[in-house]
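A.B. asks: What follows is the residue order along each chain.
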Amino acid sequence: MTEEKQVGREVRKLVINVGPQHPSTHGPMDLIVTVEGETIVDVDVVLGYIHRGIEKLCELRNYFQIPTYLNRLCYVSGMFWEYGFVKAVEEIMDAKVPERGEWLRVIACELTRIASHLIWFSAFTADVGLMTLFPWGLRDRDRIIDLLEMMSGQRMTFGYFRVGGVRYDLPTNFDVYAEKAINYVEKHLEEYEKVIYNNPVFLARTVDICPVPASKAIDLGWTGPMLRASGVKRDLRRDEPYAAYEFLDFEIPVGKKGDTYDRVYVRLEEIKQSINIVRQALKRIPSGPYQTRSLLYPPPGIGYGWVEDSRGECGYMVVSDGTPKPYRVKIRSPAYIHVMSIPNVIKGSKIADLYAILGSFDPCLGEIDR
Amino acid sequence: MSEQLNKLKEILPYAEIYKIYKNKYYAKIPKDKWHDAARRLKEAGYVLLSAVTAVDRLNSMEVMFICRRLEANGLVIVGTLIDRNDPRIPSLVSVWEGAHFHERETFDLMGVYFEGNPDLRRILLPPHWVGHPLRKDYKW
Amino acid sequence: MIDSIITYLKSNPLLADSLRVVVAMVFALIFMLLNALIFIYVERKVWARTMQRMGPTYVGKWGILQLIADFVKVLNKEIIIPAKANRFAFLAMPVFITAVSLLLIIVMPYDYVVAYTLLIFQPIFPAISILKYAVVSSYFQYGVLLIFVILSFNPIFILLTGWISNNKYSIVGGFRAAAQLLSFEVPFLLSVAAVVVLTGSLNLYEIVEKQKSMWLIFLAPLTFILFLITAIAEAERTPFDIPDAESEIIAGWNTEYSASPFLLLIMGMYVRAFVSATLLAIFFFGGWLGPTLPGFLAPMSGPLWLMIKTYFFMFLYILIRAAFPRYRIDQLLSLSWTKLLPLSVANLLIVIAVKYYLMSMGLMS
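Taken in order, these protein sequences are the chains called A, B and C.
Add 534 to a position in the first sequence, counting from 1, and you land on the number used in this note's numbering.
Add 88 to a position in the second sequence, counting from 1, and you land on the number used in this note's numbering.
Add 1407 to a position in the third sequence, counting from 1, and you land on the number used in this note's numbering.
Just so you know, the hints here were simulated from the structure itself, not pulled from any lab data.
This one's a predicted model, so the numbers in the text were calculated from it and none came from an experiment.
Careful: at least some of the hints might be erroneous.
[What the hints assert, rightly or not] With a Cα cut of at most 30 Å, we get these calculated DSBU-like pairs of lysine-lysine:
hint, chain 1, residue 1, chain 2, residue 2
1, A, K859, B, K119
2, A, K884, C, K1480
3, A, K791, C, K1746
4, A, K859, A, K630
5, A, K547, C, K1491
6, A, K750, A, K714
7, C, K1417, C, K1491
8, A, K767, B, K97
9, B, K97, A, K859
10, B, K95, A, K859
11, C, K1762, A, K881
12, A, K750, B, K227
13, A, K590, B, K116
14, B, K116, A, K630
15, A, K590, B, K97
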């Protein structure tokens, strides 16, 4: 039966290359999209345009040189990528981190999460054609980046985490500046919500677009905001508390249907929760040392360190053989999994929605390609 | 603490299980139980696949997958040793749909053939690339 | 000397008429291009302020000369022609589009605006009063009809442009443009038909003169809303800028264009946006009607009011662009066919009833 052609109803398939240079792919990534009319029938994701072989580079560097490479993995959330590796190494050598160090890590991570979500929000609104909000998000992100610069001395490639603590203590009066910047962001967050949640065109472009049920999301290995948007209340910060998260009080926003709207909603709510966490952490941060002396390199062993990245579970599997260089470093990138699962979830959507869907997946090519 | 260890022993009776840190375990299984172990773990609640990867042990290839539970914390790394010169292992795509991307990546960088994977192609490197760069003997 | 020229021209009406048309065309052309530049500048500046940016600041005071600088820069660029495109057609298409868009200016009362603005110099140069004769647009008895004939060329040209570029994005953009413009043509024409029914004229001058007692916006607000929406769609502006969505299909049907052909395309688009803003002012806000200015500025008052109203609508266009994301093509088409079309048919019936009522009351002829 399938060989018979349906006369007069046959639709010509058109193959469109979205990328590698395209304003909406957020980096050099190629989606080979087959469309029938305006409906997507197949997508092939082509990656690797900025593959730098960081996993191999890690095998050739010692444990102190490696974090410098790792914050280049994702330049909008560099802190997490340092933290994951440091956590894996600390697990192998069973290093203790002083209490203040743990709280500083929380502050650094949550500020990075705010910055990362803000830049995602800007890019996403540009993807659905709302160009006005693009500089708004960048404006607010810049205030957060200033705070991170105060903490680490760098705006994007931080080099802040080290085994056994963090590199620097908080500068004086940091909490005053932080409170100011956070209030600034919080005030503007209300503006964003007014602009997008009451906007009929924005709702038409996001509600019920590419819904992913929870079972499918779990099966694909999704983590982070993507999984939470599908309605699974799963957050490594609460479920498997690390650093000082167990002392902190925050909520986990979840979506209902897992559509694009939910993915926007979850991330915007997470910014609020992160602001909340930073406020609490700045109030309750204990005094004391913020780093300890640790071993130069870990004993032989295997460690899997993960943190709840702004995109999901950022994981490092470090295999150590007792030499100053790691034997093998496996980087588990959440955005890689989300982007690679586009073919599994997108079929049947409209080609015009591809960009909104891709934007809501928050691709970061630095960590996808490694 | 040992509750998870006991449970793991129940799920994987044929595995040697080591604790690597707090609630993270490493389970070493025989090669032919690879697919079976994945299926059993998924049924027992380890539904979230974190990664499928490989480590080049010079005289053999160690293939591993990492999976974790949703409701309770805990993580298990399941590893098995296979022949390095002809690294073949059943694919986990029939267990986790998401295993596909990890297998493609591992094939690309390590050269492990996942039998039964529907679309095993290079992903991070261009299709005409020769060799698998994360192997220890890769010359560049 | 002036008198002798006028006497000569009076004896030779054919020459006089063609001279008038040429002078009016030149006036309107310069005015139109200048205003398109101002529109682009205002849009960049206002949009930048809504984005919390400064917009152009470096070239000239407040960046006023930025557009001139961009103009010169674009002219200096290399014209890149895709290898698989038809060279002649590829270069000819922007010229056609811009020429057809500029045809609109014959009908639009821009020559009136320029001539009467220059008339304020009459006390100094009495000879300038001859410009009164250069206003030709009021002679088009079927001006409204002509405007829509010219506008309906657009889908064909845009589709052809996309096709000739031999680029998939361009083809997608071209087909989207054709679908969008065709489906919005119907409610657009129906809302214009309502205006024509109310005023009983197809001549832009008469339409404005009929509004002396009451602007049409108060008589037919629904028609205004329908016309505003469809006019934005016809001008391909956000939220209906689907054919040239820059973040989706990379400027759609004009993806492959660069340098001066690109300039022509952009110019054509802004000319159309400007014309539709002027049409809104003329149809619903009484065009050049307004209080007369005192003293020697008196001849300028009509043009001034028209321009103020036009720029008000351009400002509205910019704000709408700043506030809304882009619709999807199927959402747009269903909006057009399932909402706007029935509404505009209903609107036409309402307007006919209103007109009948007013006529029976003797309030309108």
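A.B. asks: Could you run down the list of hints and mark each one as holding or not?
C.D. replies: Hint-by-hint comparison with the structure:
A hinted pair counts as satisfied when its Cα atoms are at most 30 Å apart, and K859(A) with K119(B) qualifies at roughly 29 Å. Restraint check for K884(A) and K1480(C): not satisfied, since their Cα atoms lie roughly 38 Å apart, outside the 30 Å limit. As the CA atoms of K791(A) and K1746(C) are separated by approximately 28 Å, the hinted pair is consistent with the 30 Å bound. With a C-alpha separation of about 21 Å, the suggested pair K859(A) and K630(A) falls inside the 30 Å cut-off, and the hint holds.
Distance hint between K547(A) and K1491(C) is fulfilled; the C-alpha atoms sit about 21 Å from each other, no more than 30 Å. Proximity of K750(A) to K714(A) is assessed by CA-CA distance (about 41 Å); at most 30 Å being required, the pair is judged violated. Pair hint K1417(C) plus K1491(C) does not hold up; C-alpha atoms about 56 Å apart against a cutoff of 30 Å. With a CA separation close to 28 Å, the supplied pair K767(A) and K97(B) stays within the 30 Å bound.
A distance of roughly 33 Å separates the Cα atoms of K97(B) and K859(A); the hinted pair therefore is violated under the 30 Å criterion. Simply put, K95(B) and K859(A) have alpha-carbon atoms about 35 Å apart, too far for the 30 Å limit, and the pair is violated. At most 30 Å may separate the alpha-carbon atoms for a hinted pair to count; K1762(C) and K881(A) exceed this at roughly 52 Å. Our distance criterion of 30 Å between C-alpha atoms is broken by K750(A) and K227(B), whose separation comes to about 40 Å.
Using a Cα cut-off of 30 Å, the hinted pair K590(A) and K116(B) holds, with the two alpha carbons roughly 25 Å apart. About 28 Å separates the Cα atoms of K116(B) and K630(A), which keeps this hinted pair within 30 Å; it holds. A C-alpha spacing of about 34 Å is found between K590(A) and K97(B), which places the hinted pair above 30 Å, so the restraint is violated.
Violated hints, listed in ascending order, are 2, 6, 7, 9, 10, 11, 12 and 15; each of the other numbered hints is respected by the structure.
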